[in-house]
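Keeping their order, the protein sequence lines are chains A and B.
Heads up: the first sequence at position 233 corresponds to 233 in my numbering, and the numbers run straight through without jumps.
Heads up: the second sequence at position 292 corresponds to 292 in my numbering, and the numbers run straight through without jumps.
Be aware that a few hints might be false.
Stretch by stretch, here's where chain A covers chain B in the computed footprint (C-beta under 8 angstroms, at least three residues) [stated by the list, open to error]:
# : stretch
1 : 173 to 185
2 : 256 to 268
Simulated restraints, written as ranges between beta carbons of each label pair [as the list claims (entries may be wrong)]:
#  : chain 1 : residue 1 : chain 2 : residue 2 : range
3  : B       : E85       : A       : I221      : 28 to 34 angstroms
4  : B       : G266      : A       : I221      : 50 to 56 angstroms
5  : A       : R158      : B       : T137      : 22 to 28 angstroms
6  : A       : H224      : B       : R94       : 52 to 58 angstroms
7  : A       : D174      : B       : L14       : 46 to 52 angstroms
8  : A       : R124      : B       : A134      : 44 to 50 angstroms
9  : B       : L14       : A       : G172      : 35 to 41 angstroms
10 : A       : R158      : B       : E56       : 39 to 45 angstroms
11 : B       : D135      : A       : R170      : 22 to 28 angstroms
12 : B       : D179      : A       : A165      : 32 to 38 angstroms
13 : B       : F18       : A       : G100      : 56 to 62 angstroms
14 : A       : R3        : B       : G266      : 20 to 26 angstroms
15 : B       : P26       : A       : T171      : 52 to 58 angstroms
16 : A       : G168      : B       : F18       : 40 to 46 angstroms
Hints in this document: simulated from the structure, not taken from any laboratory.
In this text, all values refer to a predicted model and were calculated from it rather than measured experimentally.
Ideal placement from N, C-alpha and C gives every residue a C-beta, glycine not left out.
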Amino acid sequence: MTRDVAIVAFGQSEHRRDSSEFSEVEMLMPVLHAVLGQVGLTTDQIDFTCSGSSDYLAGRAFSFTMALDGVGAWPPIAESHVEMDGAWALYEAWVKILTGEAETALVYAYGKSSPGELRDVLTRQLDPYYVAPLWPDSVSLAALQAQSLIDAGLTDERRLAAIAARYGARTGADDYVVRPLRRRDCPPIHDGAAAVVLAAGDTARRLCPRPAWIRGMDHRIEAHSLGVRDLSDSPSTRQAAERAGAFDAPVDTAELHAPFSSQEVVLRRALRLGDSVAVNPSGGALVANPVMAAGLIRLGEAAARIHRGQSQRALAHATSGPCLQQNLVAVLEAS
Amino acid sequence: MTPAPAPRALQAPLVVEFPFTRSLGPVQSAFLTGLRERTVLGVRCHDGRVLVPPVEYDPVTAEELRELVEVAPTGTVTSWAWNPEPRQQQPLDRPFAWVLVRLDGADTAMLHAMDAPDAEGVHTGMRVRIRWAADRTGAITDIACFEPDEGGAARREPRAFDGRFADPVSGIVAPARLDYTYSPGQAQSRYLAALAERRTIGERCPACRKVYVPPRGACPTCGVATAEQVEVGPRGTVTTYCVVNIKAKNLDIEVPYVYAHIALDGADLALHGRIGGIPYDQVRMGLRVEAVWTEGGRYPDHYRPTGEPDADYDSYKELL
Ligand SMILES: [Zn+2]
Chain A
1 MTRDVAIVAF GQSEHRRDSS EFSEVEMLMP VLHAVLGQVG LTTDQIDFTC
51 SGSSDYLAGR AFSFTMALDG VGAWPPIAES HVEMDGAWAL YEAWVKILTG
101 EAETALVYAY GKSSPGELRD VLTRQLDPYY VAPLWPDSVS LAALQAQSLI
151 DAGLTDERRL AAIAARYGAR TGADDYVVRP LRRRDCPPIH DGAAAVVLAA
201 GDTARRLCPR PAWIRGMDHR IEAHSLGVRD LSDSPSTRQA AERAGAFDAP
251 VDTAELHAPF SSQEVVLRRA LRLGDSVAVN PSGGALVANP VMAAGLIRLG
301 EAAARIHRGQ SQRALAHATS GPCLQQNLVA VLEAS
Chain B
1 MTPAPAPRAL QAPLVVEFPF TRSLGPVQSA FLTGLRERTV LGVRCHDGRV
51 LVPPVEYDPV TAEELRELVE VAPTGTVTSW AWNPEPRQQQ PLDRPFAWVL
101 VRLDGADTAM LHAMDAPDAE GVHTGMRVRI RWAADRTGAI TDIACFEPDE
151 GGAARREPRA FDGRFADPVS GIVAPARLDY TYSPGQAQSR YLAALAERRT
201 IGERCPACRK VYVPPRGACP TCGVATAEQV EVGPRGTVTT YCVVNIKAKN
251 LDIEVPYVYA HIALDGADLA LHGRIGGIPY DQVRMGLRVE AVWTEGGRYP
301 DHYRPTGEPD ADYDSYKELL
């Protein structure tokens, strides 16, 4: 790796349960303008644009093309899209800059879950032969994972409640959504958007007084059949972290994409995070969960801590799919 | 025209529904055909493990897997979750447990539902058996669900299986339906609300001054919000067109007919519309047209000639 690449700006929308007053591009555009404004760039100064979103949330084919209006995509720009969380769009943009084909990149992600029933929509990403015909919803699958953790002695409902309480949930009586997960263990469902700007070397130093340098980034995936996996562990997270260099030196901050309280237990173990690490100082996905952007937000929040001088070395994690199916780990440093 | 206060954004139900038709590989075909015949098959990996449900390739080494074995319809719960409010398309319509079950003879677990009276009776390690569906077609839903099996505990070794059934299934049809409430946002709501009043409203880019019709909320060249509403038309110019010769399903329009790009006067983007009131072979670029509204219609039914002289090519050449 011969080039240094940094996150130089991060912005996000207010995340709301229902944003039906606005189209996707109307929700996204203020975030794009804010993030470009932070570094004084206009869209025509961006070499590469990459986005993450899902047609299944919108219920429309090629829904991302409408959002492209917001970046001034005509006449045609160098642009790409992943039908994934924006963290994977960031990965693609990082690779693009590493190849030397771009000096700057704009990465954004957005999702409006409010038009549909997210728990049903997410079943459509599952194995279409053996699993999707049963319509197992996202909370139910996370609950199976939580029970695996409880059976393995790695957590219990009291300790899960303590995790949720750290993010502001009340302890005490709370209904099960799908046992053993209670309402406080499950994420809110939000509409929202996020964006970051990446830049290489001296360009990054010029744009940002404290760039968040990407020292390593990798993503790995589990076997796709749930019954083949040990749901209480996340070898793919561990492997991605190893390859990203996360274990080479201690981190002071970790932004974990754990939409369910139980998934934080899995990730803390896989990433060997001790008590000295500030985990999700931003509040995490248990508080703000705009689907398709929530992973990119973890990278953005970790970078913003470095921008503000609150972190020297941070780990950021994003996940996709049922029960932490696919995991991305990035290591960011202030110098 | 001054910016209009935004009307409440419109909403409409949107149903996305289609049957996915999927072909099966040899291992998947044997497994699903087996379910139809009340026989559960797994596949043996090169390391000796038996995967149920079986896959075509080893999840670790990606080697091709073809050695089928028969396992028991009984097994042990390896994890569970109590679902108090089943969702519409899930296997049971009363509270049930999701279970991962390792069938006797298998080394991996399969996901399905289990019928049980309440959560208190469900635990990891409990013995369960398959309840077969009455009508079986060669699909994962041929297993209606699992049910508790207090009696048996016999762990059985898998038996070799030649994988041959009469009339094997070669594919599945998986129907899927998702219900949405579509909302087009501010700009398109303003456009649609004005159309219902027989006015066509574009929106002007504050940077390049272009007027977009229909507006989508942003200028795709400048990447900024279009906020200023501009009434355009009602007349316009055909900038280009095609002749449609094939009748679309459920469309009550005689072919051939002309579908055209129409630049309404004052607009910097052409919209689409059907041309009527003139024989199809007399439509031409530059033809001047106007919208025709039908009683109660919320948008123009078609466009017809105004009788004006044709527009100069130079006046619309940027709007093809
Ligand atoms: Zn413009």
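Against the structure, the hints:
1. 173 to 185: Coverage by chain A holds for the stretch 173 to 185 of chain B (10 residues, Cβ < 8 angstroms).
2. 256 to 268: The restraint on the stretch 256 to 268 of chain B is violated, since only 0 of its residues have a Cβ under 8 angstroms from chain A and three are required.
3. E85(B) x I221(A): 28 to 34 angstroms: holds (31 angstroms)
4. G266(B) x I221(A): 50 to 56 angstroms: holds (53 angstroms)
5. R158(A) x T137(B): 22 to 28 angstroms: Given about 46 angstroms between the Cβ atoms, the range is violated.
6. H224(A) x R94(B): 52 to 58 angstroms: violated (30 angstroms)
7. D174(A) x L14(B): 46 to 52 angstroms: The hinted range 46 to 52 angstroms is violated for D174(A) and L14(B), with Cβ atoms some 34 angstroms apart.
8. R124(A) x A134(B): 44 to 50 angstroms: 27 angstroms Cβ-Cβ, so the 44 to 50 angstroms window is violated.
9. L14(B) x G172(A): 35 to 41 angstroms: Hint holds: Cβ distance 40 angstroms, inside 35 to 41 angstroms.
10. R158(A) x E56(B): 39 to 45 angstroms: At 43 angstroms between Cβs, range holds.
11. D135(B) x R170(A): 22 to 28 angstroms: violated (47 angstroms)
12. D179(B) x A165(A): 32 to 38 angstroms: holds (35 angstroms)
13. F18(B) x G100(A): 56 to 62 angstroms: violated (43 angstroms)
14. R3(A) x G266(B): 20 to 26 angstroms: Since the Cβ atoms of R3(A) and G266(B) sit about 49 angstroms apart, the hinted range of 20 to 26 angstroms is violated.
15. P26(B) x T171(A): 52 to 58 angstroms: Between P26(B) and T171(A), where Cβ atoms are some 53 angstroms apart, the hint holds.
16. G168(A) x F18(B): 40 to 46 angstroms: holds (41 angstroms)
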